Amino acid sequence: MTGLTVALTNIIEQIKQAQQPVNIKGGGSKQFLGNDLGHLQPLAVQALNGVVRYEPTELVLQVQAGTPVQDVIELLDTEGQMLAFEPPVFDGQATIGGMVAAGISGSRRPYSGAVRDYILGVDIVTGLGEHLSFGGQVIKNVAGYDVSRLLAGSMGCLGVITEVSFKVLPKPEFEQTQAIELDRSVALQQMFSLARSSTVTACAFYNNQLYIRFSGMLSSVQAEAAEFGGETVGAGFWHSIDNLTLFKAAKNLWRISVAPNSPHFVDEAVLIDWGGAQRWLLDPGFDPREKLTQNGHAVLVWGSQTEDKFQPIEGVPLTLHKGLKKQFDPDALLNPNKMYQAF
Amino acid sequence: MESAEQFEKSSAEPDANCSPIEFEQQLRLVCAQVITDKARLRVYESDGLSVKRTLPRYVALPGTVTEVQAIVGLCFQYQVPLVARGAGTGLSGGAMPHAKGVLLSLARFNRILKVDQDNLLAHVEPGVTNLAISDAVKSLGLYYAPDPSSQIACTIGGNVAENSGGVHCLKYGLTVHNVRKLKIVSPEGELYEVGSEAYDSAGFDLLALLHGSEGMLGIVVEVVVQLLPQPKDIVVVLAGFDSVTVAGNTVGDIINAGLLPAGLEMMDKLAIGAAEAFVHAGYPVEAEALLIIELDGNQMEIDAQLEKLRAVLNEAGANPVRIARDEADRQQIWLGRKSAFPAVGRLAPDYFCMDGTIPRRELAEVLSQIALLADKYQLQVANVFHAGDGNLHPLILFDANNLSALHKAEQFGAEILTLCIAKGGTITGEHGVGVEKIDQMCLQFNEAELKLFHGIKAVFDTRGFLNPGKAIPTLNRCAEFGAMHIHAGNDKFSHLERF
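Protein sequences, first through last, are from chains A and P. For the first sequence, the working numbering assigns the number 343 to the last residue and increments by one with no breaks. For the second sequence, the working numbering assigns the number 842 to the last residue and increments by one with no breaks.
Calculated directly from the structure, the hints in this document are not laboratory data. Be careful, since some hints might not be right.
If the Cβ cut is set under 7 Å, some of the chain A residues that face chain P in the computed set are [to be verified]:
| # | residue |
| --- | --- |
| 1 | L188 |
| 2 | F192 |
| 3 | A259 |
Calculated from the model, a selection of chain A residues having no Cβ within reach of chain P, i.e. all distances over 10 Å [to be verified]:
| # | residue |
| --- | --- |
| 4 | K16 |
| 5 | Q31 |
| 6 | L37 |
| 7 | P56 |
| 8 | P110 |
| 9 | I139 |
| 10 | E181 |
| 11 | Q190 |
| 12 | Y206 |
| 13 | F286 |
| 14 | D287 |
| 15 | G296 |
All values derive from a computational prediction rather than experimental measurement. Yeah, the Cβ is synthetic: ideal placement off N, Cα and C, and Gly gets one too.
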């Protein structure tokens, strides 16, 4: 345990003594997500910065939670490797801990997997001030319950993440994005068939254009891109989706996650990506959560009009959520009510 | 240690609060197929870890989800232990029955409910075999990626419980990466869903938590798996090496070249010889180690990757190098690897298959230490290695009829697992903890971590009757085992009490 982690457990011990809940803060790039905790004292973890171990030949990276995602991406790049889930970097502010806690994956998600899929191990400090270690630095590990993956997307409600180990992947030799003008329904059908190509790694419909990214060996990518046709465009397009800059004009930004062929919001969505499975609504003027059936969920990414910005959960899963929160953070000191008012 | 008792309760074996006869009557009321006669119970006395056997008191074979709910609810009500079982192919005793409990077989849930081509999903019942899913969608050009070696028999429900892997994990992941949604019966008998047909869900990732939970948290009654398009082209390369270390390093060189093979396997000399004698796969029996490398993709992808791979293998001095592009040739190479366990099994009456995972940089060191241990225990060991992901399967040969040999083999295995932890690895990569590796859990996790595991168990299973005594050791057990937490040989928890 590093000196800083010891310090962190001491701080949590004090927080516990004082029963003073905190708002966990890395780079502060995603404070807009979930319920506003601005009234709570911030717990800064950005000082936990640095790579603990990077073994390119093992495809494993172990890094402290306060390390900027951008720094990690640049480090991996020097070895021709990448974070395959394409996380947002938010102007370089996003940190690894926040990336895991928020569980946001980028354009490559349907083809390569999500943040949680690449997590090998996570160290946390719980609300009891205990520093615990789950998973490890190996790709296969089924000892004990999979607490590491549980932490992905837990929004800091279960513990302060101090260190994470990831599986990383070799970068493709070459990538190329093509855009072609298409009717919306035709474009969606195209997305389904493109999901069967081994070289497609991103797929979106925006402004009457279908955007496809091909990745792989140079010769193969060029051949597939040529066969698809359309115009070649820059990689910045995907970056602007993943980092949400494309949507910055929206006062209320809704992200809808559904099955690729779901009928929900096909016409209303300003942008449809993830091969059909992710849809973005900009100031729709209604709450899309009410219109969704159980297969899918909506999140108010930013916007002010709603308490509890995530899709409601109920029944057995809600009981389990409350129970898990109690186990990890019995006094509700860490990001209380960040996801839901219920816990 | 005063806190130990309170959570010990959650994992303690519950006491039934009605007589066996009374319970049997109730059970027969809610489930048409119940077995209680000894001869027929015998079939269920163990899973793939056959040295650990117990006769269950009852076997229930429900045919509907409603029946499962009623059986689970009954066990909840009367606090009767319940152990779920798929095909019983597990290798760690996870489905070993409880002597006073119900063994819940999900074998009758063997239907593929729906194949959804747009979304590339299959909705299946938990008793469907792993291979049956790929077979059912083959004509659509699709398949289900995780392929544990027992895939012809093992069920998808068991795969979820164990988070099973296979030889293609490096590129395509484990079960947890390929399942989108589960229907679960809670310990109270309530049906609920986790996950979704979308790529993610609201709230905590309960889907991930349930994977590999070894039947301790709930009963899986439906699984929605993600299907993948079959690769257009596949090539399998067999490369021989005159040193295990060079073979291990070559794996790193392959990754360094930017290649991500679909499969990347290694076998040592004893395993090569046994496989060759068994199935005549054309393996180089004089080699100290061999690598099997599978590349997949479209034809141009493969051509370009193969060129890079050839260069790496040449540089490493691999000899021979055999490249198989047509199906029959590829199958022949894989046949040797896939027959490795039964082939090694022919060398002795019994073998233990270990399942530790290590960082690959430690491979040479770990193999040489295993060789030393083999000398110490006077037992033979063959090594089969999922080299791409560091998952090592040493096969310890012994004769179970000789009690002292069995004991020696168990100790040998325990030492290998301890070694894996000390090298920064884990005691189980894909077979699960079950009853087999429960003591070694005390080495891998500290008191606070084990306590949290018990806490998680109690959140799901308030009465502690689902698969009691498996996967997570009680602190008392760890105290008796006499060792705790030597994670990666470091001392980062040195401030914690040892006992």
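The hints, checked one at a time:
| no. | hint | verdict |
| --- | --- | --- |
| 1 | L188 | violated, 9 Å |
| 2 | F192 | holds, 5 Å |
| 3 | A259 | holds, 4 Å |
| 4 | K16 | holds, 15 Å |
| 5 | Q31 | holds, 20 Å |
| 6 | L37 | holds, 18 Å |
| 7 | P56 | violated, 7 Å |
| 8 | P110 | violated, 6 Å |
| 9 | I139 | violated, 4 Å |
| 10 | E181 | holds, 23 Å |
| 11 | Q190 | holds, 12 Å |
| 12 | Y206 | holds, 19 Å |
| 13 | F286 | holds, 18 Å |
| 14 | D287 | holds, 14 Å |
| 15 | G296 | violated, 5 Å |
When the structure is compared with the earlier hints, violations turn up for hints 1, 7, 8, 9, 15 and for no others.
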